[in-house]
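Residue numbers (this note's numbering), protein chains in the order written: chain Y, 3 to 60; chain Z, 312 to 1127.
Incorrect hints may appear among the rest.
[Claimed, not checked] Here are the simulated EDC-like cross-link-like pairs (lysine to aspartate or glutamate), alpha carbons at most 16 Å apart as the crow flies:
#: 1; chain 1: Y; residue 1: LYS22; chain 2: Z; residue 2: ASP789
#: 2; chain 1: Y; residue 1: LYS13; chain 2: Z; residue 2: ASP789
#: 3; chain 1: Z; residue 1: LYS477; chain 2: Y; residue 2: ASP46
#: 4; chain 1: Y; residue 1: LYS43; chain 2: Z; residue 2: GLU474
#: 5; chain 1: Z; residue 1: LYS716; chain 2: Z; residue 2: ASP589
#: 6; chain 1: Y; residue 1: LYS41; chain 2: Z; residue 2: GLU632
#: 7; chain 1: Y; residue 1: LYS41; chain 2: Z; residue 2: GLU471
#: 8; chain 1: Z; residue 1: LYS498; chain 2: Z; residue 2: ASP769
#: 9; chain 1: Y; residue 1: LYS40; chain 2: Z; residue 2: ASP589
#: 10; chain 1: Y; residue 1: LYS43; chain 2: Z; residue 2: GLU617
#: 11; chain 1: Y; residue 1: LYS40; chain 2: Z; residue 2: GLU617
For the record, the hints were derived by calculation from the structure and aren't laboratory data. Quantities reported herein were computed from a predicted structural model and do not represent experimental measurements.
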Amino acid sequence: MATLYQQIGEKFLAELKKSKDVSAKKLEALRPLFADGKKLKADDLVKIFNSADDDEVK
Amino acid sequence: MTKLESIYIEEVRGIRKLKLDFRKETFAISGPNGSGKSGIIDSIEFGLTGQMGRLTGRGTKGLSVGQHGPHVDKVKFPDAAFVKLKLFLGDLNKTVTVTRFVSSPKKPKIEPDTAAIRAALDDIAEHPEITLSRREILRFILVEPTKRSEEIQTLLKLEEIGEARKTLNTAQNRLVSAKTEAEGREKSFGSALQLHLQIAALKKEPFLEAVNKRRKTLGLALIEDWTQDTVLDEGLVKGKGEPELNKESALRDANELTGALVTADLLGKSEAAKVVEDLMRLEQDPSLLAALQQRGFIEKGLSLVEGAACPLCDREWPDIEHLKRHLQAKLDKSEEAKKLQDTLLKNASLISGKLSDFAVLLGPVKAAADVLKDDVFAQAITAWKSDLDAFKTGLISVEKIRKAKARLQSGWLNAPKNFGKGLEALTEKIKAKPDQSATVDAQTFLSTAQVRLNDFRDARKSNKAAGVARAAAKAAYDVYCAVQEAELNALYDEVQEDFSIFYRALNGTDEIKFTAKLKPTAGSLDFDVNFYQRGLYPPAAYHSEGHQDGMGVCLYLALMKRLFGKNFTLSLLDDVVMSVDSGHRYEFCKLLKTHFPNTQFIITTHDRLWAEQMKSAGVVTGKTSIAFYSWTIDSGPLVQSNEEIWDEIAALLAKGKVDSAASALRHHLEYAMNLLADQLGARPQYRADGTYEMEEMLTSVLKRTKELWGKASESAKSWQKEEKDKAATERKQFLSTCNAVMRMEQWSVNKAVHYNVWANFGVNDFKPVVAAFKEMMECFRCTTCNSWIYVLPKVNPQSLRCTCTGVDFNLAMKPK
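Start from the sequences, fold in the hints, and give me the full structure.
This is the structure we're talking about:
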């Protein structure tokens, strides 16, 4: 049975998919961080949010 | 689904050797304070988790299971201290024996030992919250909302949710800072471009007008439309000789820097003064400084926690949660230091921004110095720029800012010596250059404009990327907060509903319309309860201590139900309803039986009446309860049992320990007389405080028992039951002899509770006292089943009985 943390993680990713500010590429990069139950690290998140998106306006 | 079958404890806490059969059923342990009840809870906890909450929880600094887990006489021999726990693992349908030694709490011996059983035991070991003590109740009820939130989140294992939110927020904050920095760079490079173009704003029309004016001079095609790839000096044939500068633009750059230097002393001065002021405050308050230094260290440590070993000192903790709580508690103590840190970093960041704006002015002047081969001044600019960059990197932490204090006091810009003169000389050199022809002016204007446009475009691109990153981080944080809040609200709704149901069940008609509200807000958890339909108030506002105790237990049960669901099958309640009155305790028994029929509770209490109530309410039976009457350091808990008590007293006297034997006898008599007074309907003089002297109780019980045997004799006569009459009469007569003995001086007991005149006797003086009491106490028991005699019903009794009916006398007269 998924823990509440995992349940929130899953709902978070589903909701975030609706956001225009987060690209599909970033979302996919975030997914494993919330899925494997490991401790979340700010450095990893910053790296993902800073990564260039293919569909980003140059 | 886990239940306890039995436990054997040896040399743990205050217990020497003790075996209890829990039979997978709710079990009550009663006894006066200090009789060893909590030692059993400690031992069960230890057997299940390898920990003892009382030695590892809050306020237990300096205590440890290894050092303080063994009996005090075995402190140096922790190998002698162990617990053997027999558990039933329902999910595996297996009975397992776990033997855990204090000397190696993490290496229990498990029989049978399989991977599935180990996994099940590991799961149990992660739940020390199955134990609830009174001090833990206060954690839920009487704490401030932020603490309650932490406590309940800890209990429900919600910290990782809070930690994820904090980490997302940290990432967002970093990207907000990065965006601010990128905006500053774009603005600075934009200003340099604007200065060169001599336009009021970076708008398409004036921009193209300034550029096309030079292109027209050079006969180049005019730029009609502006795109992100537009090249300003397109078509320009660049000379192969020395690079040229645009005289007018270079002069403007030099003048801009000269102007900035004039007011340099004022740049960021107020912010620097605030930083210095805060640094002085730190220096004058060593405790604040220590808190701040520790804070950074601990924050780092907390972020690095991955297991039970501390990343700061390598110390092994019982578990990761324990370590995290320890570090978080230290952080919580330094809130004032945190505020100071925030202010310091905020002002330092403002200085950093102003520094960046200023540093942008150095670039074009350096380029002019290079073109004009003013190497000394060019090197001075390079050195200053490096110095400013290094200074800027020192503005990101309090420790580094402390090192920069002197510079912040004396003027942080720290212009190199004679920089003004060097700039003046460079300006003169620029001025001394012959006026450029219109062609050269236009050429250098366009090439310089292109260089600055490139810098500006890069800065703008970075700023845009920073904006995208910041927006993504913000969206992620906002969405996580919203999802977390929705989920936690649902959870708290469920908990508050169960809590209200349990509390209403506990209080019956008292608070039939009772409701409660758990309201999570920004990291805290408000908890309000309805006070007799007069509105919602904090629990401690109007409700009595007893009601608060009840609330604590009910909230705990509601939380455990949410946490474990159908797997809430075991709970240790250590003296948790001490302030709840006797009427409500019956309701509490009903609550346990009705709402938790599959949960095995191990309940300790120092209240003898509560222990009896649990029996009469059917929560426990004689077989699933135990009473201690005292404790000695040599024997451990002294169990309430007629056969054993006399053996124990004899053993103590054999060792010459009259004081211990006297104490044991006294406690046994107190227990037995209270029980018999209740079961036989004795009538001691009523005392409002409920404290009765043993001698008074003894007299009252003897009188009542004789009266009952007299009634039994008369009844037997009326029914013409000669044998019954004879037996009842014999018992009455025997008690009369005891009555005579009672008057002997040596029976008297000093009224001071903690002083016992028997304790001053010699062994041979005391032995007859023990023998006389032993003989007398036999009158109150059945010789077959050994249970204490009682009357039925208690009001207007009709019979005098024992459990097995070996004693069964009619008290009612035959109707005439």
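Outcome of the hint check:
Between Y/LYS22 and Z/ASP789, the direct Cα distance comes to roughly 13 Å. Compliance with the 16 Å bound is thereby established for this hinted pair. Between Y/LYS13 and Z/ASP789, the direct Cα distance comes to roughly 13 Å. Compliance with the 16 Å bound is thereby established for this hinted pair. Of the pairs offered as hints, the one joining Z/LYS477 and Y/ASP46 holds, with about 14 Å between alpha carbons and a cut-off of 16 Å not exceeded. A C-alpha spacing of about 10 Å is found between Y/LYS43 and Z/GLU474, which places the hinted pair at or below 16 Å, so the restraint holds.
The straight-line distance between the Cα atoms of Z/LYS716 and Z/ASP589 is roughly 10 Å, inside the 16 Å bound, and the hint therefore holds. With a C-alpha separation of about 13 Å, the suggested pairing of Y/LYS41 with Z/GLU632 holds against the 16 Å cut-off. With a C-alpha separation of about 8 Å, the suggested pairing of Y/LYS41 with Z/GLU471 holds against the 16 Å cut-off. With a CA separation close to 12 Å, the supplied pair Z/LYS498 and Z/ASP769 stays within the 16 Å bound.
A distance of roughly 38 Å separates the Cα atoms of Y/LYS40 and Z/ASP589; the hinted pair therefore is violated under the 16 Å criterion. This hinted pair checks out: Y/LYS43 and Z/GLU617 have alpha carbons roughly 11 Å apart, not beyond 16 Å. Straight-line distance between C-alpha atoms of Y/LYS40 and Z/GLU617 comes to about 9 Å, which keeps the hinted pair within the 16 Å bound.
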